[in-house]
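Just need the whole structure built from these sequences, with the hints factored in.
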Amino acid sequence: MVGGGIGGLATAIGLRAAGWEVTVLERAAGLPETGTGLGIWPAALRALDALGVGEQVRRRGRRQDDGVIRRPDGSRIATIDVGRLERRHGEPVHLVTRPVLLGVLAGALPTGTVRFGAPVDDPATLAEAYDLVVGADGIGSVVRAGLYGDRYPLRRTGTVAWRGVADVEVATGGETWGRGRKFGVTPEGPGRTNWYAAVALPEGHPPPADDRAELRRLFGDWHEPIPRLLAALTAEGVLRHEVCDLTPLPSYVAGRVALLGDAAHAMTPDLGQGACQALIDAVALAECLRATDDVPAALLAYDRRRRGPTRRIAATARWAGRLSQARRLLPARDALLRLALAAGPPG
Numbered sequence: 001m002v003g004g005g006i007g008g009l010a011t012a013i014g015l016r017a018a019g020w021e022v023t024v025l026e027r028a029a030g031l032p033e034t035g036t037g038l039g040i041w042p043a044a045l046r047a048l049d050a051l052g053v054g055e056q057v058r059r060r061g062r063r064q065d066d067g068v069i070r071r072p073d074g075s076r077i078a079t080i081d082v083g084r085l086e087r088r089h090g091e092p093v094h095l096v097t098r099p100v101l102l103g104v105l106a107g108a109l110p111t112g113t114v115r116f117g118a119p120v121d122d123p124a125t126l127a128e129a130y131d132l133v134v135g136a137d138g139i140g141s142v143v144r145a146g147l148y149g150d151r152y153p154l155r156r157t158g159t160v161a162w163r164g165v166a167d168v169e170v171a172t173g174g175e176t177w178g179r180g181r182k183f184g185v186t187p188e189g190p191g192r193t194n195w196y197a198a199v200a201l202p203e204g205h206p207p208p209a210d211d212r213a214e215l216r217r218l219f220g221d222w223h224e225p226i227p228r229l230l231a232a233l234t235a236e237g238v239l240r241h242e243v244c245d246l247t248p249l250p251s252y253v254a255g256r257v258a259l260l261g262d263a264a265h266a267m268t269p270d271l272g273q274g275a276c277q278a279l280i281d282a283v284a285l286a287e288c289l290r291a292t293d294d295v296p297a298a299l300l301a302y303d304r305r306r307r308g309p310t311r312r313i314a315a316t317a318r319w320a321g322r323l324s325q326a327r328r329l330l331p332a333r334d335a336l337l338r339l340a341l342a343a344g345p346p347g
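Every letter in the sequence shown is one number past the one before it in full-length UniProt numbering, and letter 160, counting from 1, is 160.
In case anyone wonders, no lab produced these hints; they're calculated from the structure.
Be careful, since some hints might not be right.
Distance ranges between label pairs, derived from CB positions [what the hints assert, rightly or not]:
#, residue 1, residue 2, range
1, 232, 207, 51 to 61 Å
2, 17, 75, 32 to 42 Å
3, 149, 119, 37 to 47 Å
4, 293, 63, 38 to 48 Å
5, 315, 49, 25 to 35 Å
6, 179, 124, 42 to 52 Å
7, 296, 153, 37 to 47 Å
8, 241, 109, 27 to 37 Å
9, 328, 256, 42 to 52 Å
10, 153, 236, 25 to 35 Å
11, 213, 248, 36 to 46 Å
12, 231, 124, 45 to 55 Å
Only a predicted model underlies this, so the values are computations on that prediction, with no experimental measurement involved.
A virtual CB, placed ideally from N, CA and C, is assigned to each residue, including glycine.
Here is the structure:
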């Protein structure tokens, strides 16, 4: 297993339950101690249940409440009816921080399964030494590069994003959509709020000298609690990155090598589905390998099962990102948003 993130740890749990001996090679020196929150949707919670850790995640997280999408002046565009999702799927969305989720997954593995500080530079050597190689090594996957080279590159979306956690408490979560930019907040717990911001910018736009100053310039005159949250930001608490997704791959497998999570289908964060789909991938891969001793055949079954759904979700996320950062025809944008919410999000 290459990569000890959410997808890699989940796959390790599933494969061990299917009778495999598993080694996870992780570049980082250890599990992260800080990180932003994740929304775990019902299908991903069922995947966690299949791995035997669903109840732990529910206890360590919190139910997500309904949210509101607003304009910069605070007027309402639409309501995000999370309760409707619960009524449809019998399960609410749960919010959990990335460190907590990783800790739960790692705690379900025997000591020594994960080898930290173990980067993989040449995945071809792993294929010679192991019966199965799983690339769960993220958007910059070396395993994917070993399979495809640069034929399916990352795609820039024209968006720059900031995110972090602030020591501010907000009553409800949601997003605010302006012209070519948006700002989102999610309560994490008493006195803590996850936040993110995204702005459509031309390629090659120089990074700001001061991210906090740039955020205040872009969003400081928007409705509360955004100015209050921006005032509480610390320099080390602001992460900035260019948003990319992955050119769709013709297959997630080759021989005895499989890709999952962001290594297979990195998508924009606009639907909050990246971690969820990695968990579902992990369970699907383990189930396919449990069903037969023919590893290549099992991997082909996994590819048939997961490539179509994840490609559709990735395409929808890309569309949602473009919609949320539209610069023109904002009334039409708002109407499309209400129609999309009425259709319902993926479970």
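Verification of the hints:
Evaluation of the 51 to 61 Å hint for residue 232 and residue 207 yields a failure: the beta carbon distance comes to about 22 Å. Distance hint check: the CB atoms of residue 17 and residue 75 are about 50 Å apart, inconsistent with the given range 32 to 42 Å. Distance hint check: the CB atoms of residue 149 and residue 119 are about 19 Å apart, inconsistent with the given range 37 to 47 Å. Range check, residue 293 to residue 63: Cβ separation about 41 Å, and the 38 to 48 Å hint holds.
A hinted range of 25 to 35 Å for the beta carbons of residue 315 and residue 49 is consistent with their spacing of about 28 Å. About 48 Å separates the C-beta atoms of residue 179 and residue 124, a value consistent with the hinted range of 42 to 52 Å. Distance hint for residue 296 and residue 153: a CB-CB separation of about 27 Å, inconsistent with the stated range 37 to 47 Å. Look at residue 241 against residue 109: about 29 Å separates their beta carbons, and that is inside 27 to 37 Å.
A beta carbon spacing of about 50 Å between residue 328 and residue 256 agrees with the range 42 to 52 Å that was offered as a hint. Take residue 153 and residue 236: their Cβ atoms lie about 31 Å apart, and the range 25 to 35 Å holds. Distance hint check: the CB atoms of residue 213 and residue 248 are about 38 Å apart, consistent with the given range 36 to 46 Å. Take residue 231 and residue 124: their Cβ atoms lie about 51 Å apart, and the range 45 to 55 Å holds.
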